[in-house]
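A.B. asks: Take 1 as the starting number for the sequence shown in the numbering used here and just add one per residue.
Warning: the hint list may mix true and false statements.
[Unchecked claim] Okay, the calculated beta carbon distance ranges per label pair:
#1 L82 <-> E16: 34 to 44 angstroms
#2 S89 <-> G66: 38 to 48 angstroms
#3 K38 <-> E86: 35 to 45 angstroms
#4 P84 <-> D21: 15 to 25 angstroms
#5 M1 <-> V39: 11 to 21 angstroms
#6 P81 <-> N28: 33 to 43 angstroms
#7 S15 <-> A67: 14 to 24 angstroms
#8 M1 <-> G41: 29 to 39 angstroms
[Claimed, not checked] Cross-link-like lysine to aspartate or glutamate pairs, in silico, EDC-like; alpha carbons within 16 angstroms at most:
#9 K4 <-> D37
#10 K4 <-> E70
#11 K38 <-> E50
#12 K4 <-> D55
#13 K4 <-> E86
Hints in this document: simulated from the structure, not taken from any laboratory.
Being a predicted model, the structure only gives us computed values, none of them experimental.
Glycine residues also receive a C-beta, built at the ideal position from the N, C-alpha and C atoms.
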Amino acid sequence: MSVKLYVGNLPYSTSEEELTDLFAQVGNVARVQLIHDKVTGRPRGFGFVEMGTEDEAQAAISRFHGASYEGRPLTVNEARPLEPREKRSFPPRDFRGGNGGGNGGGGRGARGGRN
Numbered sequence: 001m002s003v004k005l006y007v008g009n010l011p012y013s014t015s016e017e018e019l020t021d022l023f024a025q026v027g028n029v030a031r032v033q034l035i036h037d038k039v040t041g042r043p044r045g046f047g048f049v050e051m052g053t054e055d056e057a058q059a060a061i062s063r064f065h066g067a068s069y070e071g072r073p074l075t076v077n078e079a080r081p082l083e084p085r086e087k088r089s090f091p092p093r094d095f096r097g098g099n100g101g102g103n104g105g106g107g108r109g110a111r112g113g114r115n
């Protein structure tokens, strides 16, 4: 059974092929996934690596957690399942806008006349 690892603090220039080659040093890499921003498509600096076995995953954590990769210390640990987010409730919207009510001010003429 493969074990999914979280890999953080990656340089934005890292490719999936480079990450595969790096982790292949300690075992069989089943899958690599780099995460990109949904809007811009730019890399977010982290991803996931699935190692073939638990032993290979532990070897990867021991070898690469805190190790320098292209000048950056990597964060490597077992990936946790994504926890469902709570649905946020917001107060009902009021579409009346600001500055509501009253005369609303006005120009110079609204200050009263001069005698």
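A.B. asks: Could you run down the list of hints and mark each one as holding or not?
C.D. replies: Evaluation of the provided hints:
1. L82 <-> E16: 34 to 44 angstroms: Taking Cβ atoms as reference, L82 and E16 lie about 20 angstroms apart, which means the hint is violated.
2. S89 <-> G66: 38 to 48 angstroms: About 41 angstroms separates the Cβ atoms of S89 and G66, which means 38 to 48 angstroms holds.
3. K38 <-> E86: 35 to 45 angstroms: Violated - the Cβ-Cβ distance for K38 and E86, about 20 angstroms, lies outside 35 to 45 angstroms.
4. P84 <-> D21: 15 to 25 angstroms: Violated, at about 35 angstroms.
5. M1 <-> V39: 11 to 21 angstroms: violated, 35 angstroms
6. P81 <-> N28: 33 to 43 angstroms: violated, 22 angstroms
7. S15 <-> A67: 14 to 24 angstroms: holds, 18 angstroms
8. M1 <-> G41: 29 to 39 angstroms: Holds, since M1 and G41 (Cβ atoms, about 32 angstroms apart) stay within the stated range.
9. K4 <-> D37: violated, 21 angstroms
10. K4 <-> E70: Violated, at about 23 angstroms.
11. K38 <-> E50: The given pair, whose Cα atoms are some 22 angstroms apart, is violated under the 16 angstroms limit.
12. K4 <-> D55: The given pair, whose Cα atoms are some 12 angstroms apart, holds under the 16 angstroms limit.
13. K4 <-> E86: violated, 24 angstroms
The structure does not agree with the numbered hints 1, 3, 4, 5, 6, 9, 10, 11, 13 stated previously, though it agrees with the rest.
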